[in-house]
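**Q** Okay, here's what each chain looks like letter by letter:
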Amino acid sequence: SQQGEEDPQALSIQEGENATMNCSYKTSINNLQWYRQNSGRGLVHLILIRSNEREKHSGRLRVTLDTSKKSSSLLITASRAADTASYFCATDPPMFSGGYNKLIFGAGTRLAVHP
Amino acid sequence: KAGVTQTPRYLIKTRGQQVTLSCSPISGHRSVSWYQQTPGQGLQFLFEYFSETQRNKGNFPGRFSGRQFSNSRSEMNVSTLELGDSALYLCASSLESSGANVLTFGAGSRLTVL
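Protein chains in written order, with the working numbering: chain A, -16 to 98; chain B, 924 to 1037.
Some clues are possibly wrong.
[What the hints assert, rightly or not] One side of the interface only, derived from the structure: several residues of chain B facing chain A at Cβ under 10 angstroms:
hint : residue
1    : S956
2    : Y958
3    : Q960
4    : L966
5    : G981
6    : P984
7    : F987
8    : L1004
9    : G1007
10   : L1013
11   : T1027
12   : G1029
13   : A1030
14   : L1034
Honestly, the hints are just simulated from the structure, not real lab data. Ideal Cβ placement from N, Cα and C applies to all residues, glycine included.
One chain only, chain A, in its complex shape (with noise of 0.2 angstroms):
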């Protein structure tokens, strides 16, 4: 089943706005990831943040982590139209719940960047 649960589950805007995107979790974590998926496609992975962070930035990506209201956020900052894809967030539970390379993705959120 899902650990992570993304909000909205579809963002629509212009070229040059920002969009945000949020992800809940529900079990302790070693750090949390955001991929991207262009349509039927693998996966890309966008950034990852640790569990002891609370805000890393990447171009025009900007993640925050809160541990204690266990949810992340991404914010993509002057958005193109090339960025329309879907977000997900994956949680990286601890290696002492056997969590060897098993990321838990969220649902996802549909962005569509319009020109």
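Using the hints, position chain B against chain A.
**A** Same frame as chain A, but now just chain B:
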């Protein structure tokens, strides 16, 4: 550096048949994991292999099996196919460093069961 290669990309089977999907990880990556993606259930973890050993298994019936070879290439097999097995099957490899399991995915094998 070649990415993760999955074959075949598309296949159509009928109920009751079996299917084998192949995955070649990135050179040097010894961990290979498999996920099933469907519109209803999303991305579900199937299993993970490291150095030819299955280290983790998801909640799927025994019809789903896999293996990993000494060169890290992996295969998964689904026997007695059901309509509900129609899905995108994604393979991912990982270098496993610093305890951060960043996965590199292949493009997937899209299975349609008729």
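**Q** All hints, please: hold or fail.
**A** Structure-based check of each hint:
With a cut of 10 angstroms, the hint placing B/S956 at the interface with chain A holds, because the nearest CB-to-CB distance is about 5 angstroms. Interface hint status for B/Y958: upheld, as the beta-carbon distance to the closest one in chain A is roughly 8 angstroms, under 10 angstroms. For B/Q960, the interface hint holds, since its Cβ comes within 10 angstroms of a Cβ in chain A; the closest pair sits about 9 angstroms apart. The beta carbon of B/L966 comes within 4 angstroms of a beta carbon in chain A, closer than 10 angstroms, and the hint placing it at the interface holds.
Checking B/G981 against chain A by beta carbon gives a least distance of about 8 angstroms; that is within 10 angstroms, so the hint holds. About 15 angstroms separates the beta-carbon of B/P984 from the nearest beta-carbon of chain A, more than 10 angstroms, and the hint is not met. About 15 angstroms separates the beta-carbon of B/F987 from the nearest beta-carbon of chain A, more than 10 angstroms, and the hint is not met. With a cut of 10 angstroms, the hint placing B/L1004 at the interface with chain A is violated, because the nearest CB-to-CB distance is about 20 angstroms.
The interface hint given for B/G1007 is violated, since its Cβ lies 16 angstroms from the closest Cβ of chain A, which is over the 10 angstroms cut-off. The closest approach between the C-beta of B/L1013 and any C-beta of chain A is roughly 6 angstroms, which is under the 10 angstroms cut-off, so the hint is satisfied. Look at B/T1027: its Cβ gets to within about 7 angstroms of chain A, closer than 10 angstroms, so that hint holds up. With 10 angstroms as the threshold, the beta carbon of B/G1029 comes within range of chain A, its nearest partner Cβ sitting at about 5 angstroms, so the hint holds.
The beta carbon of B/A1030 is positioned within 10 angstroms of a beta carbon in chain A (closest approach about 5 angstroms), and the interface hint is therefore held. With a cut of 10 angstroms, the hint placing B/L1034 at the interface with chain A is violated, because the nearest CB-to-CB distance is about 13 angstroms.
Comparing the model with each earlier hint shows violations of hints 6, 7, 8, 9, 14; every other hint is respected.
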